[in-house]
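As you go down the protein sequences, you meet chains R and F in turn. Going left to right, the first sequence walks through residues 8 to 224 as our numbering numbers them. Going left to right, the second sequence walks through residues 8 to 224 as our numbering numbers them.
Calculated from the structure, these hints are not laboratory results. Just so it is clear, the structure is predicted and the values come from calculations on it, not from any experiment. No residue lacks a Cβ here, since even glycine has one placed at the ideal position from N, Cα and C. The reader is advised that the hints may include incorrect statements.
What the hints assert, rightly or not - Going by beta-carbon spacing under 8 Å, a handful of chain F positions derived as facing chain R:
| # | residue |
| --- | --- |
| 1 | Ser51 |
| 2 | Phe103 |
| 3 | Trp128 |
| 4 | Ser142 |
| 5 | Val171 |
| 6 | Pro209 |
Number of protein chains: 2
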Amino acid sequence: MTLSPTERSTIRRGAARARTDRADLHAILDAGLVCHLGVQIDGSPRVLPTAYGRDGDTLYAHGSTGARSLREAAEEPAVCVAVTLVDGIVYARSLFHHSVNYRSAVIHARARAVTDPDETWRALQVITDHLAPGSWEHARHPNRKELAATAVIAVDLGEASVKVRDGGAVDEPEDVEAATAWAGVLPLRWSWGEPEPAPDLPPGAEVPRHVRGRGVR
Amino acid sequence: MTLSPTERSTIRRGAARARTDRADLHAILDAGLVCHLGVQIDGSPRVLPTAYGRDGDTLYAHGSTGARSLREAAEEPAVCVAVTLVDGIVYARSLFHHSVNYRSAVIHARARAVTDPDETWRALQVITDHLAPGSWEHARHPNRKELAATAVIAVDLGEASVKVRDGGAVDEPEDVEAATAWAGVLPLRWSWGEPEPAPDLPPGAEVPRHVRGRGVR
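Here chain R stands alone, though its shape is the one from the complex (with noise of 0.2 Å):
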């Protein structure tokens, strides 16, 4: 399946970048962590880093009722989410082809406000099963009072750019010719630390396995 070009989601500057096939979305989708949520209030753009989860061609993100920018996402015609993996650093013989390596996904969508309360209970296991996959089995879920301090938001996938640049420095000729400067990649890895237990866990209180075990996507 194709991602759908619109107007302003037709990549034009290196096109040769883009990717036009909706696994590809969905992919940079799932290895993300956090998102980065544009939005227009009082007239200017402002961008929130929030979390988020996808189920299918929706994506979920959620935050506190208070929050005015969830709500305000909600309300607003239109926005634009981000969601971009830097994948290492692209060093070139000349200054103006260093580069970067990465997976980018942007979103142009209208986000609406989700009230149904079967669909706000599957969007918060979407989004916990992105944010830490085998917490929703393992610890307590929302109550009442915390569900309704809770605002969710959906966003169509329908209309996105993926644009995604790996491979080394793509140089001028003279300047491989003359060999005075290295090229090549300084690749960026990202890993899971050593799991910090809460001092007031019982004595013996093992990691359980969706922790300790948790993979890198």
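Following the hints, complete the assembly by docking chain F onto the known chain R.
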């Protein structure tokens, strides 16, 4: 020096996490790799991931002169720049208190197109020193044609919100008492991988010290 509080930069949610020292803002910007630039285009919010650098209380970003987002950012009255560092996942006994440890800087500003040749040159050095420290001294500098193809914007750091969440889970006393779930922090680490030299380097070319010895901020 403290951050100047304004209506939109005053943190309401999680005010305990707000930082008001300008040194915290600088530290987050210096530790990040890419920023998310929010701008209004054709009445819709647009979020653009991009490289940047900091010079005192000015943030510089650059792009192709053909890139619409950067061009419009310089023409738009208002932009928003977010730099977000995710430090770990906070597992709580309840899903409601699951959280993310992070450092977040959000800047509200008007972008200014940099046109002065001296400031452009300085901005390119600042961005290079941020993205690829050591490359300004090592790689070939931009020539006239490359400079003409490069657009630079400046963003004043005067109005900014800084928010930091660190430490462990904050659980309800009854959930701690029940002791049915694990709580703690799974730290997220990032590191540089093994440099991958370009295949067309001269035989025996060594990875320079500014690449091999690059530190993690």
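Under the constraints set out in the numbered hints, which ones does this structure not fulfil? The structure breaks hints 3 and 5; every other hint is satisfied.
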